[in-house]
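Trainee: Residue numbers (full-length UniProt numbering), protein chains in the order written: chain A, 1 to 153; chain U, 1 to 195.
Honestly, the hints are just simulated from the structure, not real lab data.
Worth double-checking, as some hints may not be accurate.
[Claimed, not checked] Below 27 Å or equal to it, Euclidean Cα-Cα: the simulated DSS-like pairs (lysine-lysine) are:
1. A:Lys43 - U:Lys122
2. U:Lys162 - U:Lys173
3. A:Lys77 - U:Lys67
4. U:Lys122 - U:Lys135
5. U:Lys135 - A:Lys77
6. A:Lys50 - A:Lys149
[As the list claims (entries may be wrong)] Chain U side only, calculated, beta carbon under 10 Å to chain A, not exhaustive:
7. Lys67
8. Thr69
9. Arg159
10. Lys162
11. Ser170
12. Thr174
13. Ile176
14. Lys180
15. Ile182
16. Leu186
17. Pro187
18. Glu190
19. Gly194
20. Trp195
[Unchecked claim] Partial chain U-side listing against chain A, Cβ under 8 Å, derived:
21. Leu26
22. Glu125
23. Ser157
24. Val158
25. Gly181
26. His185
Here a beta-carbon is modelled for each residue, glycine too, at the ideal position from N, C-alpha and C.
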Amino acid sequence: MKFAKVMLVPMLVLCFAAVAEEIATLRNNTAIDEDVNPEYIPKATNDDIKQARNYPMQPPLIPHSVRGYEVNLNVNKCMSCHARSRTNDSQAPMVSVTHYMDRDGNFLAEISARRYFCNQCHVPQLSTEPKVANDFVDMHTIMSDKAAKPKGQ
Amino acid sequence: MKAYFLRVWQTISRPSVHYSLGFLTLGGFIAGIIFWGGFNTALEVSNTEQFCISCHEMRDNPYDELKTTIHFSNRSGVRATCPDCHVPHEWTDKIARKMQASKEVWGKVFGTISTREKFLEKRRELAEHEWARLKANDSLECRNCHDFSYMDFTTQSVRAAKQHSTSLASGEKTCIDCHKGIAHHLPDMEGVSGW
Numbered sequence: 001m002k003f004a005k006v007m008l009v010p011m012l013v014l015c016f017a018a019v020a021e022e023i024a025t026l027r028n029n030t031a032i033d034e035d036v037n038p039e040y041i042p043k044a045t046n047d048d049i050k051q052a053r054n055y056p057m058q059p060p061l062i063p064h065s066v067r068g069y070e071v072n073l074n075v076n077k078c079m080s081c082h083a084r085s086r087t088n089d090s091q092a093p094m095v096s097v098t099h100y101m102d103r104d105g106n107f108l109a110e111i112s113a114r115r116y117f118c119n120q121c122h123v124p125q126l127s128t129e130p131k132v133a134n135d136f137v138d139m140h141t142i143m144s145d146k147a148a149k150p151k152g153q
Numbered sequence: 001m002k003a004y005f006l007r008v009w010q011t012i013s014r015p016s017v018h019y020s021l022g023f024l025t026l027g028g029f030i031a032g033i034i035f036w037g038g039f040n041t042a043l044e045v046s047n048t049e050q051f052c053i054s055c056h057e058m059r060d061n062p063y064d065e066l067k068t069t070i071h072f073s074n075r076s077g078v079r080a081t082c083p084d085c086h087v088p089h090e091w092t093d094k095i096a097r098k099m100q101a102s103k104e105v106w107g108k109v110f111g112t113i114s115t116r117e118k119f120l121e122k123r124r125e126l127a128e129h130e131w132a133r134l135k136a137n138d139s140l141e142c143r144n145c146h147d148f149s150y151m152d153f154t155t156q157s158v159r160a161a162k163q164h165s166t167s168l169a170s171g172e173k174t175c176i177d178c179h180k181g182i183a184h185h186l187p188d189m190e191g192v193s194g195w
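Next up, chain U with everything else stripped away, as it sits in the complex (with noise of 0.2 Å):
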């Protein structure tokens, strides 16, 4: 075994014989670009709707359930999809994010949330997932459409401007402190902080 890592060790540090410096650059390079883009569009691929909710787990609940909310269909005409709301646009937030709707998958595969009634056990715990997410990061997600700086107070109702000139200017809140449940049923809140 040692001796077979040896050899090994020894062809690839030695010079290459039949192949030019520039050739391997190149070549490295170009097998670079094509892993790098190959990988990200894999990325990319995942991170359509059409993906979340290929697995029916994910189209006869959430997908159904936001079907009903603003965020699916508003005079506006702008949808917001799951990645909209569920993946950061920084690449290294993304990959991490990605790590974790791996155990996701995960559970589909294992059959852990293969019902409705499975998913609606799990749901206070995956939502939970999603509240810790977006308070760590200020709702970033949301603020990737929703921009503070451009809220006209004055177009707002009179309760979300109050609320939103005082506790959410301040930093004391943020979104997802105030907009629990905005694109999804809510799980049973007992305990959960404000309700």
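The shape of chain A in the complex, shown without the other chains (with noise of 0.2 Å):
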């Protein structure tokens, strides 16, 4: 019992500075009782062109403008492009058979309930310099790499 009490000092200390340095980063270092000028926003990428996948199975990216885009309980807007049966009027590739797929594999006639909110794995771009640096390497770099280097090495 002493002992848990012990413990809880250090470890509310703990999370009472975890908890304020993620403020100090939100906030940019900034006081509290400052206010800073935001942020320009960046405007998002509606260029039309198709962004190659890093691998396969990458949900591709947006390559469009989706303000305003209603997906909910009443509506899915995307199906109204990307459906199969609307691929004709909008001249939009069809959401690949995959959506059309329950978990168990059966096809199904309107899009998958685990498919229905296209924004959970698709995402649209913004014209600006990401904020984390990304090393991600693509298969096709490493097998290149590996074949470039002398054998045994």
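Once you've looked at the hints, go ahead and assemble the two chains, each given alone in its own frame, into the complex.
Mentor: This is the structure in structure tokens:
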């Protein structure tokens, strides 16, 4: 019991420290009583040019604007263009067949519930520099790097 | 009763004894202007957004939803108000629409759409009226601001230019066929063609 109490204090302190740190980062280390000028809001890319996928299972990025597109209980705006039956009118690529499969691999007539909320997996891009560096290397690069190296290394 | 009407008729059909013809003509003319003007002023007042959103159903539902869309705030600073999209500019069309709108006011007075829930329940029906109207007049209200003849496809996104230069240009489709829900949340679209 006594041990628990002794431990509680440093643990609480640690927690608060962690929280305080996070707040400081979010606020960019600005004092609490100061206001900063908000950063410039980058524009969403809307160039309609499909981006290459980094690996075969990657959900492709959205190359167009999705402002105001409703996806909820009543409507799925995305499917008004990407559904199988709509691709003639919209000239959009059909959602792939995986989107019509349930988890047991059965094909459904309508979009699978697992794929209903498109933005869970597909995201539009902003014309800005990434905040966090990404050192992902795709398979082809690894293979060609390996091929270029002398044997035995 | 019959005698009464006869007397009235005799009075108005007999030439005036007390007033000159000139006075009557001029008086009638002025009265006409006043009534006409008054009527039109009443129309004008009821044609402002202030009027539309003075009743809370319209303020809490369509107006609050409109606020988040491009027709409320955009880089050009041009705003579309309720009557811009919902009231025709032609006088006869305007009157016809007002008579229809009275039914919606009726709905308010008798509490058919007094809450958010009731509004949502009615939304499909109300939206269908609007779609039918815009379809019938070839999206006239949209075209009052967006003139097809002046659209520069080269500055539009590829998706937009493709659709506008084909289905829209050929007259096969009109704005509302492709741009439903441009200003408000959509109702359940089950069964609506294209959804």
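Trainee: It remains to establish, for every hint, whether it holds in the given structure.
Mentor: Comparing the hints with the structure gives:
{"no.": "1", "hint": "A:Lys43 - U:Lys122", "verdict": "violated (37 Å)"}
{"no.": "2", "hint": "U:Lys162 - U:Lys173", "verdict": "holds (13 Å)"}
{"no.": "3", "hint": "A:Lys77 - U:Lys67", "verdict": "holds (20 Å)"}
{"no.": "4", "hint": "U:Lys122 - U:Lys135", "verdict": "holds (20 Å)"}
{"no.": "5", "hint": "U:Lys135 - A:Lys77", "verdict": "holds (20 Å)"}
{"no.": "6", "hint": "A:Lys50 - A:Lys149", "verdict": "violated (33 Å)"}
{"no.": "7", "hint": "Lys67", "verdict": "violated (12 Å)"}
{"no.": "8", "hint": "Thr69", "verdict": "holds (6 Å)"}
{"no.": "9", "hint": "Arg159", "verdict": "holds (6 Å)"}
{"no.": "10", "hint": "Lys162", "verdict": "holds (6 Å)"}
{"no.": "11", "hint": "Ser170", "verdict": "violated (13 Å)"}
{"no.": "12", "hint": "Thr174", "verdict": "violated (14 Å)"}
{"no.": "13", "hint": "Ile176", "verdict": "violated (14 Å)"}
{"no.": "14", "hint": "Lys180", "verdict": "holds (9 Å)"}
{"no.": "15", "hint": "Ile182", "verdict": "holds (8 Å)"}
{"no.": "16", "hint": "Leu186", "verdict": "holds (5 Å)"}
{"no.": "17", "hint": "Pro187", "verdict": "holds (6 Å)"}
{"no.": "18", "hint": "Glu190", "verdict": "holds (8 Å)"}
{"no.": "19", "hint": "Gly194", "verdict": "holds (6 Å)"}
{"no.": "20", "hint": "Trp195", "verdict": "holds (5 Å)"}
{"no.": "21", "hint": "Leu26", "verdict": "violated (57 Å)"}
{"no.": "22", "hint": "Glu125", "verdict": "violated (14 Å)"}
{"no.": "23", "hint": "Ser157", "verdict": "holds (5 Å)"}
{"no.": "24", "hint": "Val158", "verdict": "holds (4 Å)"}
{"no.": "25", "hint": "Gly181", "verdict": "holds (6 Å)"}
{"no.": "26", "hint": "His185", "verdict": "holds (7 Å)"}
Violated hints, in rising order: 1, 6, 7, 11, 12, 13, 21 and 22; the structure is consistent with all others.
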